[in-house]
Every structure is written in structure tokens, then in C-alpha cells.
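J.: Okay, here's what each chain looks like letter by letter:
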Amino acid sequence: MDEPEGNDQKGKNIISRRCFLELIGIGSVVVTAAGTAILSVEYLSPNVLHEPPLKFKAGLVEDFPADSVTLIVDQKAYIVRAKEGYFYAMSAVCTHLGCITGWKADEGIIACPCHGSRYDREGNVIAGPAPRPLPHFQMVLGDRSQLVVDKGSVVGDDVILKV
Amino acid sequence: MAPFVERVVRSQVWRSIFRHGFPESNRTRAETVFYNFFLHVHPTKVRKRSLRFTYTWGLGGLSFGLFIVLVLTGGLLMLYYRPSVPQAYADMKDLQFVVSSGEFLRNMHRWAAHAMVAVVFLHMLRVFYRGSYRPPKEFNWVIGVVLLLVTILLSYTGYLLPWDQLSFWGISVGTNIVRAIPFGLGDKISFLLLGGHIVGEYALIRFYVLHCFILPVAGVVLMGIHFWRVRKDGGV
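Quick mapping for you: the protein sequence lines, in order, are chains A and B. Numbering follows our numbering, with no gaps: position 62 of the first sequence is 62. Residues are numbered in our numbering as their position in the second sequence, beginning at 1, plus a constant of 1000.
Bound conformation, chain B alone (with noise of 0.2 Å):
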């Protein structure tokens, strides 16, 4: 080790981030994963059959990397974008001409998007034909399909954002279906969703909130229990 790397290592900054030795023994290796906030979670045994690329195909994995693409690009689209009316409309033209970098970052959320639903459905076409869903993992598969709708939700509440006639339309037709639930609770919630009786200024603010807010914190706390109950059943 050199002796500027070595400095390093016993400094007591170091020491005091990282609490045991390098993964060298059992025991380090042990700590490593143990005393680690974002490996803590990992099971003290994985079998090695789990471990193989072709038995989860890694789309758990690529459906929450594409979650981590969607928080920072949109985390930044938000920075430019006012949901009011007219300026959603324009904001969405800003961030396409004439912000720096605006247009590609767009076009990053959006095929993220795209491919995040695609990504979390073949997860679960994964999972059902491996079979994973038996087993103490049941509830894992509710917290799953939950997740599922969580996503779509996401993937819906973004479309009204852009304001422009495919978002408008998709959004009328999407609550009018929401009016056909019976017993008069269809009107009601739509009414409640929308903030009013059309899609206007009330809508946009409301899908935006449950876009930005609501509906990624809900999928956190739930992806959270999720990793978490993957890796006590022995998952990677």
C-alpha cells in the first residue's frame, strides 16, 4: 500500500466512515456487508443458483435503476416546468428549445418512462414463470403488483404534464372511465381526481402533485419493504 494510501486509511475520518477492516477474512467480508446502510439488507447466504444473470435476468435491478434515472432527470425537468395553465404548455417548449441540455434530459424521463413500465411488467412475467411468487413470497408478489400499478399510475400522471392535446384527451378519456364505476362513487372520484368537472388548471396541479410526490414517496416506502423481504427469502 503506498504511504500516502495508507495515511489515508488510518485517519480517524476513515476509520470513523468505515468501521472494520478490508473484506480480506470472513469476519471483514462479514462486517463489510453488515456495518454497509445500503448492503445490510443482503442475506447472510445467497445460493449460487440465484446468483446466475439468467435466473432473475436482472430486471428487478433494472426497473429500480430506471426508477434512480426518472427521480434525477425529473428532479431537474422540475426545475423549469410551472404546472399552471398556459405555462405548462410553454415550459414544456423551453425545456425542448431553448434550455441547455433541456431537450435531452426530456427525452431521458420520457423513454425512461417508456421503459420502466415494459421493465417492471417483464420482472413480473420473470417472477411468475420462475415461479417466485410461491412460498413465503406471496406477499412479496401483493407488494409487487402494487408496485405495478404504482408505476402505470406514475407513467399516467406524468402524461397530463406536457398540457398539449395528447395529454388532454388521454386525460379526459382516462377520468370518463374512472365515471363508469357505479353505486354514483365513478363522479365522485373523478371529480376528486381532477379537482372539478373538466381537466383544467385544478387538474394539472393535482396530477402533478400525485406525479412528483405522492406517488414516488408511496413507491419508495413500498420498493424499501420489497428489497428488503427479497433479500431475507434468500434473493441477490
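Pulled out of the complex, with its shape left as it was, chain A reads as follows (with noise of 0.2 Å):
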């Protein structure tokens, strides 16, 4: 046998029986630690959430005049009918930090009462700290003329809903 022996003086790059145990043990410590690590992370993400549906029905086409901004609070969302008739859904969670903006009718704009965010009935940022413009909703026309909201899929502002 030309494999040298773990404690012979030959083999300087070979590590002792001992180094080679402790590696062994703090190697298993790290594996489990990690490992503990990760399910301890996994448990905190629930799984399953008993949280409110995403979709929604808004409500009838002809309960919405033209040229109007409705928020529904409980949904936290707006359905906005534009003069032209057509519609769009958007998110009334201010995007700055969560507070449910309002619409102020004699203004013409939707408002914060946080910190003073505001933006126009498109949803653009006219005033305020918030970052971002209010997303829209997909929005479809269910059975029998209900608009229903889908707060889960955003789209663009392009996008409009004509009945």
C-alpha cells in the first residue's frame, strides 16, 4: 500500500484523526443549524390564508352615473365611470404607506388623509410622498350586468371596461 497513513510524518497535507472528527462535528451542527433555520422559516409562512377573496362584485352598470368616482370601502377600491360611459377599476390604498384615500368630489381628486397624498381620478400622483401611481383592476362584466373586480390581476390605465 503506497496510500500514506493518517499520522505518519510523510503526510503533512493529510489532516489528523482528530481535525478530521471536529470537522466532522461542527459539520453537523452547521447542517442541522441551517436546516432548523429554514423550517423555522418555513413554519412562520402560513400556508393558508383565511384572508378576504380578491374578486368582487362591485355592484349593477346603471348604479354608476356617468362621470363619477364611487369607493367602495369595504373592498378598498374605486369604480370610476368616465363622461364617455366606459369604466375602470382602481386600487384606494394610497401607495405610500396603506392609508384608504378618498375622493373629494368639489375637487375633482382622490386625497389621503395620511399624509397628504393626492392624485387625479386616473390614479397619478398630483401631490404627496406616495411613490407610485394607484394601480388599476381587471374589471369584467358578469351576469347580468354586474361589474366584477378582480384585485389580484393588475393592468394598465389603458385599460377600460365599455358597457
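In case anyone wonders, no lab produced these hints; they're calculated from the structure. Be careful, since some hints might not be right.
[Stated by the list, open to error] Here are the in silico distance ranges between beta carbons for each label pair: (1) B:Ile1152 <-> A:Ala66: 20 to 30 Å; (2) B:Thr1032 <-> A:Arg17: 46 to 56 Å; (3) A:Gln146 <-> B:Leu1149: 45 to 55 Å; (4) B:Glu1138 <-> A:Ser16: 32 to 42 Å.
[As the list claims (entries may be wrong)] Facing chain A, according to a computed beta carbon distance under 10 Å, are these residues of chain B, among others: (5) Trp1169; (6) Gly1174; (7) Thr1175; (8) His1197; (9) Tyr1202.
C-beta atoms are modelled at their ideal positions from N, C-alpha and C, and glycine is treated no differently.
Relying on the hints, combine the two individually framed chains into one complex.
T.: Here it is, written out as C-alpha cells:
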């Protein structure tokens, strides 16, 4: 056998038995700690959420007059009907820190009560600390002229619903 | 000494609890400190200057005293409070209007909490202006900063528990600030904190566990180290 023994004086680059066992010991502790950390983070992220569904029925087409902005408080969303009669749905959650905004009919703007952000009726920021415009949501016409909004699907502000 | 008192002091029970004489000589005075769990961390010598009230303003001790008040009142409030929706809000109202002394305990918890944040902050200012962070006490300053963070987090997690509008929006805004952490970490951390995407029941339970268990235990451990180091460095 020309393979050097572990405690041979020739085997300088061969690690000693003690060092080898220490490395196995430390290695197993590291592996266990890493596994525990991963499992802990997984445990802390719930797999089932009991949150309200993202799709909701906003109302009938005729409930919304032309040139109107309607806040649906429970859903934190606006249903906007333009002068021309088309619809779009928009988030009412301020993009700054998540407060619910409100429609100021007399000024024709959307305003946030928390830190003074202001948006126009298309959701574009016109004042205040909000970093992004209000996202628009997909809206389809359901049964019996029901407007159905899906807050889980964000669309561009050029997407409108003609009825 | 009255004969009755003398009998008590000489009894087996007394002598097994206090294994030394009254602090009358240097030896028994030292023993009183060494053999007492609460006193044993005291240094052997304290400079007279550091005993002056205006040296520390007693702010560390006041913080700890407020912490004791908060643990006691908080423990009692837990007996009536259920961290679930919608019971949490109703239980808080019950504590205010139905439970005997409930309003007193709730207010005591609230005011002590506000005071603790203020006093811990003043304590930090005092340590800064007295230069008490200087070697060899640098690491205790670091522990103190972590304790300040624990205090603020305790205050913040307790803010959600009444489950009223103020709580809800306070935590909505706070966790939205967390979302600003870059590299996609913000959304993950916010999801873990809330146990979901919205401030709901999971968020309430998580904040409750943080407020009543994890943060107080972390605080107690850090306080133990903090006090021990203060004493080893010759403080009160």
C-alpha cells in the first residue's frame, strides 16, 4: 500500500484524526442549524390564508352614473365611470403607506388623509409623498350586468371596460 | 431583641434562608451581599461619586421599575384578553367598562408603557452626556441600544392589541414601511410579521406572541447581562 497513513510524518497535507472528527462534528452542527433555520422560516410562513377573496362584485352597471368616482370602502377600491360611459376599477389604497384614500368630489381629486398624497381620477400622483400611481384592477361584466373586479390582477391604466 | 424575634432568628428555618448574621460587622455586611441572589452582582467597591443621585438620575432603575409594573399589569390583562377577531376589541372594552379595576390596570399598563419609552430614552441621553459608554463599557452601550429597540418594539406590538382603528392603521402603516426594505426582502419580512398580506387575525396573534412572550423574554435576558456588566464595571 503506498497510500500514506493519517498519522504518518510524510502526510503533512493529510488532516489528523482529531481535526477530521472535529470537522465532522462542526459540520453536522452547521447542517442541523441551517436545516432548523429553513424549517423555522417555512413554519412562520402560513400556507393557507384566511383572507377575504380578491374578486368581488361591485354592483350593477346602472348603479354608477356617468362621470362618477365611487369608493367601495370594504373592498378598498374605486369604480370610476367616465363621462363617455366606460368603466375602470382602481385601488383605493395609498401607495405611500397603505391608508385608504377618499374621493373629494368638490375638488375632483383623490386624497389620502394620512400624509397628504393626492391623485387625479386616473390615479396619477399630483401631490404628496406617494411614490407610485394607484394601480388599476381588471374588471369584467358578469351575469345580469354585474361589474366583477379582480384585485389580484393589476392592469395598465389604458385598460377600460366599455358597456 | 424581643424574645419572640430572637426565637425566630435562631430557628432552623431562618438560618437556612439567611445563612449569615445581621450586617453588623464588615464580614457579615459582605456576606449579606454575597449570599443574596438579588445583591450578589453588586461590585465589591462603589465610588461615592457614582452613588450621587444626580450622577444617574436613577433612570436605569426607573426603567426597570416600569418594566416590573408592565409585567404585572400585563399579566393581569392577559387573563381577560383573547387575541382573536373580533373578541380582542370587545375584551378591551370589557376591561375598560365591566371588569373590576380593569380600567385602572389598562391605564396603568398604558401610562407605564409610554413612560418606559421616555425613561429608557432619557437613560440613553444620560449615559451619552456622562460619557458612561466609554471603555470598558462600550459593549454595555451596545446591549443598551438593543434594549432600547426591544422597548420600542414592545410598545409597537402592544399598539395593535386593542384592535381599534388606531391600532389597525398604525400597524398597516408600520408594515408598509417594512415593505420598503430592498431586494424583495421587505415583502417577505412583512409577510412573516403579519402572517399574511393584510392586518388580520394572524397578524394579531403574531403581535400578541411577540408582545407577551418573545420580546419580554429577550428583554429580561438582555437586562440580566446589562445589570451584571454595570455592576462589574463599578456602577450601582
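J.: Please write out, lowest number first, the hints stated earlier that are contradicted by the structure.
T.: Failing hint: just 1.
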